[in-house]
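Residues per chain are reported as follows:
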Amino acid sequence: MADPRPARSRFSPRLTAAFLCVFLLVFLRCASASRDVVSGSNETWIRPARSTQEDPHDHHGNSTEHKKAFPVLAFNFEHVRKPFEISMWILLALLMKLGFHIIPRISHVVPESCLLIVVGLLVGGTIKAVEGTNAPVLDSKLFFLYLLPPIILDAGYFLPIRPFTENLGTILVFAVLGTLWNVFFIGGTMFAVCQIDGAGLADVDLLSCLLFGSIISAVDPVAVLAVFEEIHINELLHILVFGESLLNDAVTVVLYHLFKEFSHEGSVSVGDALLGVVCFFVVSLGGILVGFIYGILGAFTSRFTSHTRVIEPLFVFLYSYMAYLSAEVFHLSGIMSLIACGVIMRPYVEANISHKSYTTVKYFLKMWSSVSETLIFIFLGVSTVAGPHDWNWTFVVFTVFLCLVSRVLGVIGLTSIINKFRIVKLTKKDQFIVAYGGLRGAIAFSLGFLLTDSKMKHMFLTAIITVIFFTVFVQGMTIRPLVELLAVKRKKESKGSINEEIHTQFLDHLLTGIEDVCGHYGHHHWKDKLNRFNKKYVKKWLIAGERSTEPQLISFYNKLELKQAMMLVESGSTSKLPSVMSSVSMQNIQPREPPRRRAMPSISKSREEEIRKLLRANLQNTRQRLRSYSRHDLMIDPFEDNVSEVHLRKQRVEMGRRMSHYLTVPANRQEAPPVRKVGFQPALMSLHLCPPEHQVFTYDDAESPRSAEMKPRSAAVRLLNELPQRSDQSDAEPNAKQDDQEDQLKLSRGLSDPGPNQEQKES
Amino acid sequence: LGGSCANLLLSHSQITRLYSRFTSLDKGENGTLSREDFQRIPELAINPLGDRIINAFFPEGEDQVNFRGFMRTLAHFRPIEDNEKSKNPTASEPLNSRTNKLLFAFRLYDLDRDDKISRDELLQVLRMMVGVNISDEQLGSIADRTIQEADTNGDNSISFNEFIKASFVLTLHTLL
Numbered sequence: 001m002a003d004p005r006p007a008r009s010r011f012s013p014r015l016t017a018a019f020l021c022v023f024l025l026v027f028l029r030c031a032s033a034s035r036d037v038v039s040g041s042n043e044t045w046i047r048p049a050r051s052t053q054e055d056p057h058d059h060h061g062n063s064t065e066h067k068k069a070f071p072v073l074a075f076n077f078e079h080v081r082k083p084f085e086i087s088m089w090i091l092l093a094l095l096m097k098l099g100f101h102i103i104p105r106i107s108h109v110v111p112e113s114c115l116l117i118v119v120g121l122l123v124g125g126t127i128k129a130v131e132g133t134n135a136p137v138l139d140s141k142l143f144f145l146y147l148l149p150p151i152i153l154d155a156g157y158f159l160p161i162r163p164f165t166e167n168l169g170t171i172l173v174f175a176v177l178g179t180l181w182n183v184f185f186i187g188g189t190m191f192a193v194c195q196i197d198g199a200g201l202a203d204v205d206l207l208s209c210l211l212f213g214s215i216i217s218a219v220d221p222v223a224v225l226a227v228f229e230e231i232h233i234n235e236l237l238h239i240l241v242f243g244e245s246l247l248n249d250a251v252t253v254v255l256y257h258l259f260k261e262f263s264h265e266g267s268v269s270v271g272d273a274l275l276g277v278v279c280f281f282v283v284s285l286g287g288i289l290v291g292f293i294y295g296i297l298g299a300f301t302s303r304f305t306s307h308t309r310v311i312e313p314l315f316v317f318l319y320s321y322m323a324y325l326s327a328e329v330f331h332l333s334g335i336m337s338l339i340a341c342g343v344i345m346r347p348y349v350e351a352n353i354s355h356k357s358y359t360t361v362k363y364f365l366k367m368w369s370s371v372s373e374t375l376i377f378i379f380l381g382v383s384t385v386a387g388p389h390d391w392n393w394t395f396v397v398f399t400v401f402l403c404l405v406s407r408v409l410g411v412i413g414l415t416s417i418i419n420k421f422r423i424v425k426l427t428k429k430d431q432f433i434v435a436y437g438g439l440r441g442a443i444a445f446s447l448g449f450l451l452t453d454s455k456m457k458h459m460f461l462t463a464i465i466t467v468i469f470f471t472v473f474v475q476g477m478t479i480r481p482l483v484e485l486l487a488v489k490r491k492k493e494s495k496g497s498i499n500e501e502i503h504t505q506f507l508d509h510l511l512t513g514i515e516d517v518c519g520h521y522g523h524h525h526w527k528d529k530l531n532r533f534n535k536k537y538v539k540k541w542l543i544a545g546e547r548s549t550e551p552q553l554i555s556f557y558n559k560l561e562l563k564q565a566m567m568l569v570e571s572g573s574t575s576k577l578p579s580v581m582s583s584v585s586m587q588n589i590q591p592r593e594p595p596r597r598r599a600m601p602s603i604s605k606s607r608e609e610e611i612r613k614l615l616r617a618n619l620q621n622t623r624q625r626l627r628s629y630s631r632h633d634l635m636i637d638p639f640e641d642n643v644s645e646v647h648l649r650k651q652r653v654e655m656g657r658r659m660s661h662y663l664t665v666p667a668n669r670q671e672a673p674p675v676r677k678v679g680f681q682p683a684l685m686s687l688h689l690c691p692p693e694h695q696v697f698t699y700d701d702a703e704s705p706r707s708a709e710m711k712p713r714s715a716a717v718r719l720l721n722e723l724p725q726r727s728d729q730s731d732a733e734p735n736a737k738q739d740d741q742e743d744q745l746k747l748s749r750g751l752s753d754p755g756p757n758q759e760q761k762e763s
Numbered sequence: 001l002g003g004s005c006a007n008l009l010l011s012h013s014q015i016t017r018l019y020s021r022f023t024s025l026d027k028g029e030n031g032t033l034s035r036e037d038f039q040r041i042p043e044l045a046i047n048p049l050g051d052r053i054i055n056a057f058f059p060e061g062e063d064q065v066n067f068r069g070f071m072r073t074l075a076h077f078r079p080i081e082d083n084e085k086s087k088n089p090t091a092s093e094p095l096n097s098r099t100n101k102l103l104f105a106f107r108l109y110d111l112d113r114d115d116k117i118s119r120d121e122l123l124q125v126l127r128m129m130v131g132v133n134i135s136d137e138q139l140g141s142i143a144d145r146t147i148q149e150a151d152t153n154g155d156n157s158i159s160f161n162e163f164i165k166a167s168f169v170l171t172l173h174t175l176l
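Protein chains in written order, with the UniProt record's numbering: chain A, 1 to 763; chain B, 1 to 176.
Chain B on its own, in the form it takes in the complex (with noise of 0.2 Å):
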């Protein structure tokens, strides 16, 4: 566990409480997590990316995640901090670097992970966060405009870059 530790550069005591969450979210208590687990936090419940917030966390086809991938994902929203740039100028991109938090929120937008935002993927992620009563021919055109105002290169579709860029600089900065 040191060695990933290490990696993910959480401070002990984020571990500690971190592994507490952990064990009281294992119902199961089999040492992994399971998306029912997952399931039961109620606020996740009515959050409209609850579903995809969960899925992220179990890598590709797995069901279950132990505590190292629960950290793993965690430790992507630990804030930047300068210094760590410095002290291991060698070692791969920290994963709470902006990119990678960036990388992350792109990868819930595009499901089929083909690196791109389609129209539709919008679409869909545009119903779940504003509900049932909005008529699709004004969603559409929502992500008409959208697309429009980010994409660079005409394929009518966000890629990661063009999502880069059309965010918003500062407020991620100052969200993460």
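So here's chain A without its partners, still in its complex pose (with noise of 0.2 Å):
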């Protein structure tokens, strides 16, 4: 606790790494200070010798005394040994997260999982070092219940439902088919090898080897996830990995499980066998059920949460966690139940929850997942070096070897297989890909941990370790130059265009018709038929208010938008006015030059260009207030309001918070109205023969916030002046049509003879 720290500069990697080096002390001290401390939860002491807080004097080498006076500092470490256990670790995990991206050179070579391994190595070395004891190791429990589900849902939620549901055939035949593959290949290859003699493993039976394969031959997500996010490899490959290593989840629970039983017993009859078919259907058909119904409640649920949008991102975290943990109640496919919850919930849960309870649930599943996945890797590090292990040369080398070779030769036949049945075929390249990806990873470790306690365990365990050391070093870390030396297809950095959306959309109709014409009932067949019911009878369930007749091309748009205002808001400089500047009413918060088709038609011209040369003169100064202004912000007076910074802030945020409730708020026409609900507008609306929407701002921004400024110089100005006036006194517009007439006649006066000051009517 005595170690000086470094000045620390953040540009400086090894002052960092020195600093992290550090830091590892500070906590093994105290993970080896919190053995040491007496477990007496209420006991307080002080221990002069340790602690760096100066001792009271009374107390100082005072034995003598009989009543013990009142401790000032105590020590109590016991207390919150856990949670300060806990955070440590995850302190840990982020800083060594934050080290790696700070030295830039590795982190281009070495995958980050690598990295974490190492660390995580190094982490449980010196613990075993300095304890002799054995470091935590990777709870089984741990990990399945706390680790692995945010990553799950991560994925889930995030799933690109179009490629998914496109190559869900093939992605199908990987999982089910190549998982069996794999397993009864290494299984049986295995038995083979332990039948040699000399290599001391004759008393693996064939129910172990099976066990063991079904272990270690599923791909794992999370390392697929952690190194092929860092490749960002073209999306359909992409997802033919990344949905295998999701969907073998049932094929190796299903497995795990029946070999697990039966390998007590010793062998498996032909009914047992069927029974693990139907055990197959049950487990995954049933996890993606009760995902499934998870999947409505959550997204019935925030259909009603327009009034606590506070706790909306809560309920997706909940559900979706029930949803696993249900599933795992009836040792059905957790994580399938997981995906299929957060695909269920998704479409419909946008469409209610608010634009910042959107946000707060993407960073908040980013977050999590990123945490659990270092910490993972770590563990795996740390336990590598705890574990008690066997190590058998010929067993752990004829397994890397197998699991290599049988991954190859199971995807190169099933692709042969598959590609018949594919429009797009999957090329040579794509194949190799696949193979290559089969990471396993720490779901293979946990299950191999969560096996009953015998010397087989060890060694497969080494096994098993060896295995993903391998796939994460030597696979993770090469496939970036073999992507790049292949030249495989790179991810298309595509921006969401509203072209596409609008052609895809067109060429899915298109295509339908035609599947119609020929009367060949396909892929887009069913898809359109689904689209239907989901609009007619589901969407009206579950999406609150308007929105449930919303078409996908509408919010899709008004995503759009909506991402460019707030994108707006936050530059916040004319310069970075994007060139699509559509006249929808959400997007003029910056100010144009008025729009001359729409405007005052009953103004002549020369009184028009009086106005607007005034009106950029003073643009220019104020441009920081006008940038502020919206629509929204109506309700508050402008001229009355000293324009200060405090109240220019206040706007921002309040145009913030306006555009939030944007998106909850039906998106079709019946928009307009918050702007009529102010009263400012029918003072304006007298200014427009036409429908209101867009002109009315379009000339508040211009005009509202110029009037504060402005001196009464001529007419236009005075009946600038005069309409907010007016604002003041008239309420709501439902008698604006009528007014109109009047206003504009009064209009007029006021412009072509200036001077009128008894403008002043009521509405």
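These are calculated hints, taken from the structure and not from any lab test.
Among the clues, some could well be false.
[Claimed, not checked] One side of the interface only, derived from the structure: several residues of chain A facing chain B at Cβ under 10 Å:
hint : residue
1    : Leu95
2    : Tyr363
3    : Asp390
4    : Leu511
5    : Gly513
6    : Ile514
7    : Glu515
8    : Gly519
9    : His525
10   : Arg532
11   : Gln552
12   : Leu560
[To be verified] Cut-off 27 Å, straight-line C-alpha distance, at most; resulting in silico cross-link-like pairs (DSS-like, lysine-lysine):
hint : chain 1 : residue 1 : chain 2 : residue 2
13   : A       : Lys457    : A       : Lys141
14   : A       : Lys540    : A       : Lys362
15   : A       : Lys489    : B       : Lys101
16   : B       : Lys165    : A       : Lys563
17   : A       : Lys489    : A       : Lys366
18   : A       : Lys535    : A       : Lys362
19   : B       : Lys116    : A       : Lys425
20   : A       : Lys559    : B       : Lys165
21   : B       : Lys116    : A       : Lys491
22   : A       : Lys527    : B       : Lys101
23   : A       : Lys540    : A       : Lys529
24   : B       : Lys101    : B       : Lys165
25   : A       : Lys489    : B       : Lys165
Positions of the beta carbon are idealized from the N, C-alpha and C atoms, including for glycine.
Bring the two chains, given one by one in their own frames, into a single complex with the hints.
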């Protein structure tokens, strides 16, 4: 604890590394301290030797006192031990992650997962060396209940649905048939290997081998995610490997339990095998069903959360986690349940929750999954050091070798079958990447850890860890140069343009139509039917308010516009005006030149020019203020307030709030009313003959703040001055229409003869 | 029929299937299909693009389509096979090549056949796809934005080249 902290310079990798080492040491001291502390939770006692704090004078070495003086300072670690340790671990993990990104050279070559495992090894080694006792091992319960769900939820919630459903057949074939092939090939061959004399493996029977095969053959989603995230491969391959890693969970669960049960008995009958098949369907479909139910519940709940926006994200998380746990209760596939829940819930929840909640959900999921992933890899490293190992050369080497071989054979074999049914065939390059991307990870380790203790278990664990290390290190590190070498298509950075959305929908309709003409009930036909059903019934139930009838195209467009508007708010300078400034109301935060077409038709051109000149002249100065002005801010009367910085900031916040509110308010025409409600509108409505929506506030933005500044030099100005005053008096607008004519006359009169001050009329 | 089959590169089983479909649609039993025959297909009636698809089958100005024309249009939608190109490099581009597929889709937008998708044509398509509840202004702004994104030569409409570029290379590939 007395280590001097080096002066922390953020840009010096060496110092940061030094700092991290120091931190490690501190951490280890803490860990060791926690063990030394006498477990007595309520005991408070003083340790003058250890503490860096000043001991009060009275107690220094005073052992002859009868009465124990009131302890001013005490040390009680046991009290906070568990949370403290957990926090320290997580903090360590995150600091490591931070450290890697500060040292750029390494992170280009080595994927993060490798580095984290190495760190885990170091930490484990240090603890073992310092302590002599074992470091905490990756507890299976901890892994399956706390560390795995966030990652899967993150993956499932943001699963790109289109590529997934389009390639679902392929993914299922790889997941189910591929894994089955792997299991039996590896299990069988390993059994054959075990029969070789001299390897000392004679006591490993067939069932144990098959059990081992079932543990080791499943592709791991965590590892795949960790590695594939960094190489930015094209969407098709990404979804193939990743989808496979998710969906093979059902197969793994069934086979694992099957073989585990029967390895005790020593034989499997045909009836059991059949039951196994049935079990597979039950596990997978059951898991999906559970996820589906919770997903619908979540979507339904989100319908009513419009008044309690703060807790919305929690619903998403909790329903999903409950789906996972409920599936685990029945030994169904928790992963598939979680994925199903996320996928089902997402479109409806997103239509219901506010923009901020959506951002919260997104960031929390990313955050948790990131932390989980980091912790998993670190623990993997620590467990490697800790666990009892039984290294058997034959076994391990053959395992690694067979894993590779079976994967390659499996992919090639299955692809030749799959390609007959695919429109877009998988090329040799694709096959290679799919085969190479079959990484094993922590799930395999945890499953192995759950086995009953035996000599075989240690051997299995050693082999599993070796395979994991091999795939993560060797395959993980080399996949990036290989991808570049083979010139595999990379991910297209598409910005979600409206063009794509329109054309995609257009093509969908077109292809559905063609399928109908052919009488062929294909992919598009059923998708179309599902969409129709969705639109007609489901959306009405699960989406609140008018959003339920909003066509997909419109919501997509609104999202795009909202994104742009937010960008505008954040950047906040005229130069960053996007090239596309549509006339849709949401956009006009920054006032433009008043659209000529919609200008006051009854005012003469010269007057118009005059007004415009004035506006433009003063616009430059007050750009700051105008920027934060929006149609939603009309409640705040800008002429009365002093336009101060504080006020501006408030307005910006207000606008942000309004914008997030926007997403929950129907996106159709009725959106215009917020302007009306304020009562400003009637005055300005009178200026136009055309429908008021956009025109109203273009003038708003231009005129209203202006009036505060402009000295009443001309009639135009005075006119403008009058308007807000009238607005104070006028309330809601139902009779705006009748006033229009009147107002217009007044207006033109006001403009043509300067001086009329008595224009103040009640509306 | 043999020659045209070779041209369209449909397999024998596909042709047989299409022929049986053709005859089942042909209520008048006169070997040709009219627009009413198409409109009798229930799903096509609720498809927003139904009318345009039907029109695509009928060549310019005609009201009847025979089996050959029927097949010809449908041959656009066969998946692209790589080995075809090497077989007959001198033949004209097969109907189901990517460009031709895109051209087919483009023609469905571009009703007046001026090789440009104007704002109005885009508006019409949008209106068909989106339904009646959306205001004209909103649709207008969507159309404006679409053209803005795709239009590179500033003529305020989308030409075929711009159409190809603006679209989603990958999506088309996987859909067709």
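Results of checking the hints against the structure:
| no. | hint | verdict |
| --- | --- | --- |
| 1 | Leu95 | violated (39 Å) |
| 2 | Tyr363 | violated (28 Å) |
| 3 | Asp390 | violated (48 Å) |
| 4 | Leu511 | holds (6 Å) |
| 5 | Gly513 | holds (4 Å) |
| 6 | Ile514 | holds (6 Å) |
| 7 | Glu515 | holds (8 Å) |
| 8 | Gly519 | holds (5 Å) |
| 9 | His525 | holds (7 Å) |
| 10 | Arg532 | holds (8 Å) |
| 11 | Gln552 | holds (9 Å) |
| 12 | Leu560 | holds (8 Å) |
| 13 | Lys457/A / Lys141/A | holds (18 Å) |
| 14 | Lys540/A / Lys362/A | holds (25 Å) |
| 15 | Lys489/A / Lys101/B | holds (23 Å) |
| 16 | Lys165/B / Lys563/A | holds (24 Å) |
| 17 | Lys489/A / Lys366/A | holds (26 Å) |
| 18 | Lys535/A / Lys362/A | holds (26 Å) |
| 19 | Lys116/B / Lys425/A | violated (33 Å) |
| 20 | Lys559/A / Lys165/B | holds (23 Å) |
| 21 | Lys116/B / Lys491/A | violated (30 Å) |
| 22 | Lys527/A / Lys101/B | holds (21 Å) |
| 23 | Lys540/A / Lys529/A | holds (17 Å) |
| 24 | Lys101/B / Lys165/B | holds (14 Å) |
| 25 | Lys489/A / Lys165/B | holds (18 Å) |
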